[in-house]
Amino acid sequence: MSLNIFKSFAVLGAGTLGLPLAKELLANGASVVIMTRPSSSKHRKIPAEAAHVSVDFTDVQALTDHFRRHNCEVVISAVNHDHLEVQLPTLEAAKNAGVKLYLPSEYGLPSEGQDGILAQKSEFVGRIKAIGIPYTRLYSGLLMDFIPFFLGIDWDGRATLIGEGDKAASWTALPDVTGFLAYVLTHLPSQDLAGRTLRIEGQRYSLGQVAELYGDTITVVHVPRFPDDMDDARLREYLQEKVEAGAGTVTYDIETGKNDHKIDNDLWPGHRWQTVTETLGL
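full-length UniProt numbering puts the sequence shown at residues 1 to 282.
Heads up, a few of these hints could be off.
[As the list claims (entries may be wrong)] Distance condition first, Cα-Cα at most 30 angstroms in a straight line; then the derived DSS-like pairs of lysine-lysine:
no.	residue 1	residue 2
1	Lys167	Lys258
2	Lys7	Lys100
3	Lys7	Lys129
4	Lys262	Lys100
5	Lys7	Lys45
6	Lys7	Lys262
7	Lys129	Lys100
8	Lys258	Lys129
9	Lys45	Lys129
10	Lys95	Lys129
11	Lys45	Lys167
12	Lys167	Lys262
13	Lys262	Lys45
Note that these hints are calculated values from the structure, not bench results. Since the structure is predicted, the reported quantities are computational estimates derived from the model, not experimental observations.
Work out the full structure, taking the sequences as your base and the hints as a guide.
Rendered as structure tokens:
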């Protein structure tokens with residue numbers, strides 16, 4: 001029996017994750033259409049090998065038409081946390097167009113049973129199940145590339161930690177996230193992807209251990225909350241608080257409070273995963 005391998009993809013968004021993911025899919029021989037909102041300026045960076053569509057992500061009919069026109073088998077949402085609500089119209093359009101697999105915008109910490117942004121992500125997976133379209137989600141932990149943001153180093157040159165900073169977290173470099181996802185989507189049979197949650201991790205470090213990698217180039221401060229005048233202070237707090245609560249690893253299960261799940265790095269055979277020091281140039 002021949003294996004059903006996906007070959008045609010729609011990537012929603014051309015930002016931090018969407019654009020490099022599209023390039024990785026192209027490198028794996030896939031057909032890719034990148035869809036961006038009319039207000040986006042990211043289209044100037046889209047590779048010539050990919051098709052590009054500017055479309056209102058709330059226009060179900062327009063999305064449906066584009067998915068059909070480009071024979072999209074898989075729709076990958078790469079919208080950021082500020083625009084998660086636009087995923088529902090894209091899901092409806094994917095269903096209408098006969099898309100075979102939908103990937104919601106996860107790419108972070110396990111979202112089941114959580115609050116805030118993670119709850120939004122988990123609730124959307126519930127909508128995917130209800131609408132009846134196969135899905136795959138990827139938990140890749142915190143991005144190594146954004147460690148200066150997570151620790152507040154980009155704000156004042158200090159590592160600001162909520163609490164002790166001694167709880168483990170999963171860290172993965174952006175090229176590993178996009179490379180892994182492109183590889184499994186273009187190499188694994190469709191039946192091995194449907195309804196599956198994939199978990200990957202480059203390294204496992206506590207926030208305090210990550211700060212130590214900077215050596216004496218930064219100081220570390222422990223505070224109950226980030227300063228109100230810091231950019232995205234509440235988002236930084238939210239993520240650090242999840243780590244401090246023990247929920248910062250991709251293997252974490254909120255029901256048991258333990259690391260009960262398996263890491264799926266082995267699905268990308270022969271790959272060497274980046275380290276924090278390599279990613280940050282430390």
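Does Lys262 sit within 30 angstroms of Lys7, going by the straight-line distance between their CA atoms?
Given pair Lys7, Lys262 holds - Cα atoms ~27 angstroms apart, limit 30 angstroms.
Please verify whether Lys167 and Lys262 have alpha carbons no more than 30 angstroms apart.
holds, 19 angstroms
Does the structure keep Lys258 and Lys129 at a Cα separation of 30 angstroms or less?
holds, 25 angstroms
Given pair status - Lys167, Lys45, alpha carbons within 30 angstroms:
With a Cα-Cα distance of about 38 angstroms, the restraint between Lys45 and Lys167 is violated, given a limit of 30 angstroms.
Keeping to a limit of 30 angstroms between CA atoms, is the pair of Lys262 and Lys100 held or broken?
Holds: Lys262 and Lys100 sit about 26 angstroms apart, inside 30 angstroms.
What's the verdict on Lys95 and Lys129, does the C-alpha distance respect the 30 angstroms limit or exceed it?
holds, 11 angstroms
Given the hinted pair Lys129 and Lys100, is their alpha-carbon gap at most 30 angstroms?
Holds, at about 13 angstroms.
Lys262 paired with Lys45 [C-alpha distance capped at 30 angstroms]
violated, 36 angstroms
Just to be careful, I want the Cα atoms of Lys7 and Lys45 compared with a cutoff of 30 angstroms; is the pair within it?
holds, 23 angstroms
Under the criterion that the straight-line Cα-Cα distance not exceed 30 angstroms, is the pair Lys45, Lys129 satisfied?
violated, 34 angstroms
For a C-alpha distance cap of 30 angstroms, please report whether Lys167 and Lys258 respect it.
holds, 13 angstroms
Check whether the Cα positions of Lys7 and Lys129 lie no farther apart than 30 angstroms.
Holds, because 23 angstroms separates the two Cα atoms, which is no more than 30 angstroms.
Violated hints, listed in ascending order, are 9, 11, 13; each of the other numbered hints is respected by the structure.
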